[in-house]
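Here's the letter readout for the chains.
Number of protein chains: 2
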Amino acid sequence: QNRLPAFATHQVGVAGAVLDESNGKVLVVQDRNKTKNAWKFPGGLSDLGENIADTAVREVFEETGVRSEFRSLLSLRQQHTHPGAFGMSDLYLICRLQPLSHRIHICTHECLRCDWLDLRELAETSETTPITSRIAKLLLYGLENGFQHIDLHMEELPAVYSGLFYQLYHRPMPDGGKQYSKGAI
Amino acid sequence: QNRLPAFATHQVGVAGAVLDESNGKVLVVQDRNKTKNAWKFPGGLSDLGENIADTAVREVFEETGVRSEFRSLLSLRQQHTHPGAFGMSDLYLICRLQPLSHRIHICTHECLRCDWLDLRELAETSETTPITSRIAKLLLYGLENGFQHIDLHMEELPAVYSGLFYQLYHRPMPDGGKQYSKGAI
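Respectively, the protein sequence lines represent chains A and B. What the first sequence shows, in the numbering used here, is residues 1 to 185, in sequence order. What the second sequence shows, in the numbering used here, is residues 1 to 185, in sequence order.
Bear in mind the hints are in silico, worked out from the structure with no lab data behind them. Beta carbons: idealized from backbone N, C-alpha and C, even for Gly. Careful: at least some of the hints might be erroneous.
Here are some of the chain A residues that sit facing chain B, going by a computed Cβ distance under 8 angstroms [stated by the list, open to error]: (1) 9; (2) 46; (3) 48; (4) 49; (5) 70; (6) 76; (7) 81; (8) 105; (9) 106; (10) 123; (11) 153; (12) 164; (13) 170; (14) 173; (15) 182.
Keeping only pairs whose Cα atoms sit at most 25 angstroms apart, straight-line, the calculated PhoX-like set for lysine-lysine is [to be verified]: (16) B:25 x B:36; (17) A:182 x B:36; (18) B:178 x A:182; (19) B:25 x A:36.
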C-alpha cells in the first residue's frame, strides 16, 4: 500500500441555484465563452480555504449582483480529467440559495445574459446543460412537495484535534437524531 | 477578479459504512496510530482519478478484507487546514455500502481492531468520533424508516464536451423527475 504523503487531487467548483419561493423564479446566466445559449446557475471555483456555501454566495454576487444566503446542498458531481483542471479531478457542488435582493448587475466579463427564469421553463427548455436541467427538475419537485425532500443540511462542528470548525452535510433527521442517543426514551 | 488558472485545492477521503440490513450490524475499525479506542468506518484517500464509490469499496477491502458494493452517498464534510493535508483542504465523504462477504481479515498496518458492531451500540457509545456517532444515528434512522430518507443516489452521465462520464449525486425524485420534462402529462 502506498504510504507517500497525500496531495490535493481535486478542484472544487460551486454553483448557486437562487430560487425565489414566492414566485418560482430562479436566477440563471449564460456564459460569455463556454456553453453559449445555455442557461445555467452562476458559480465558480472555491478559493483556497473557502467554504462551499461561501463560494456559492460570492460567485452569485460577482456574476449577477444578486445577494443571497445559503439554504442547503443539493448535488455533487465528480469528474476526472476535467477540461481546465490540468489532469486533476473536479468536484462540482450545487447549493440552494435564498435571494436577499433581486436587481441584476451582470458581470460582462463572464456573462452574456442573466435573468430570473420561471423554474418550470428551465426544467423544460433544451437551452440548458444536462445538469442544470436535472437540478431544475429537482428544485421543482422540492418547490411543489417541500424542500425537505431534496435538501442536505449543513452544520458547523468543532474538530477533535485542531479546535477548528468543519462543515458537515447530510440529510436532516427528526429531532436531529437525539432519539438515538444513549438514555433517550 | 482573479483570472489565474485553477489548481487543485482539496484532497478527497472516503469512508464506507458497510451495513448488514439483515442483522443491523455495521463494520467498524480502530486505527493503530490516530484516534485510539475510537470506532470509526474504514476509509482513506482517493487515488488520482478514482471515483468516490470505488475508493469506499477499495479502502474497506484493504483495511478489513470485507467485500462490498456501493449503495448511496450519505454525508460530506469540508475541513480546511486539515492535519496531514499540507495546507490544502479536505473533503471527506461517507458512503453506505452493502456487504458481499462477512469474514474479517484485518490489515494490521493500519488497524488495531475491526468488528461488526450493532448499529444502535455504535450510535450510543462514547468510544467513537463525533462524525461516526452522527452517521450511525443517521443509518439507524434509515434502517428503521427506510433508506430513502437518508440516501443520495448516484448516476453516471456523459459529459457534453469530453464524452467522458461523470458521477452525479442527488436526492432521488419519483419517476426520476420525468414528470417535469416538457410535454409530460
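For each hint, the structure was consulted:
1. 9: Holds, about 5 angstroms.
2. 46: Since chain B brings a Cβ to about 6 angstroms from residue 46 of chain A, closer than 8 angstroms, the hint holds.
3. 48: holds (5 angstroms)
4. 49: holds (5 angstroms)
5. 70: violated (13 angstroms)
6. 76: holds (4 angstroms)
7. 81: This interface hint holds because 6 angstroms falls under the 8 angstroms limit.
8. 105: Nearest chain B Cβ about 14 angstroms off; hint violated.
9. 106: violated (14 angstroms)
10. 123: Since the shortest Cβ distance to chain B is 5 angstroms, the answer is holds.
11. 153: Since chain B brings no Cβ nearer than about 11 angstroms to residue 153 of chain A, farther than 8 angstroms, the hint is violated.
12. 164: Nearest chain B Cβ about 6 angstroms off; hint holds.
13. 170: OK, holds: residue 170 of chain A within 8 angstroms of chain B, min 4 angstroms.
14. 173: holds (5 angstroms)
15. 182: Holds - the Cβ of residue 182 of chain A comes within 8 angstroms of chain B, reaching about 4 angstroms at its closest.
16. B:25 x B:36: holds (21 angstroms)
17. A:182 x B:36: holds (21 angstroms)
18. B:178 x A:182: violated (43 angstroms)
19. B:25 x A:36: Violated, because 51 angstroms separates the two Cα atoms, which is more than 25 angstroms.
In the structure shown, a violation is registered for the earlier hints numbered 5, 8, 9, 11, 18, 19, in ascending order.
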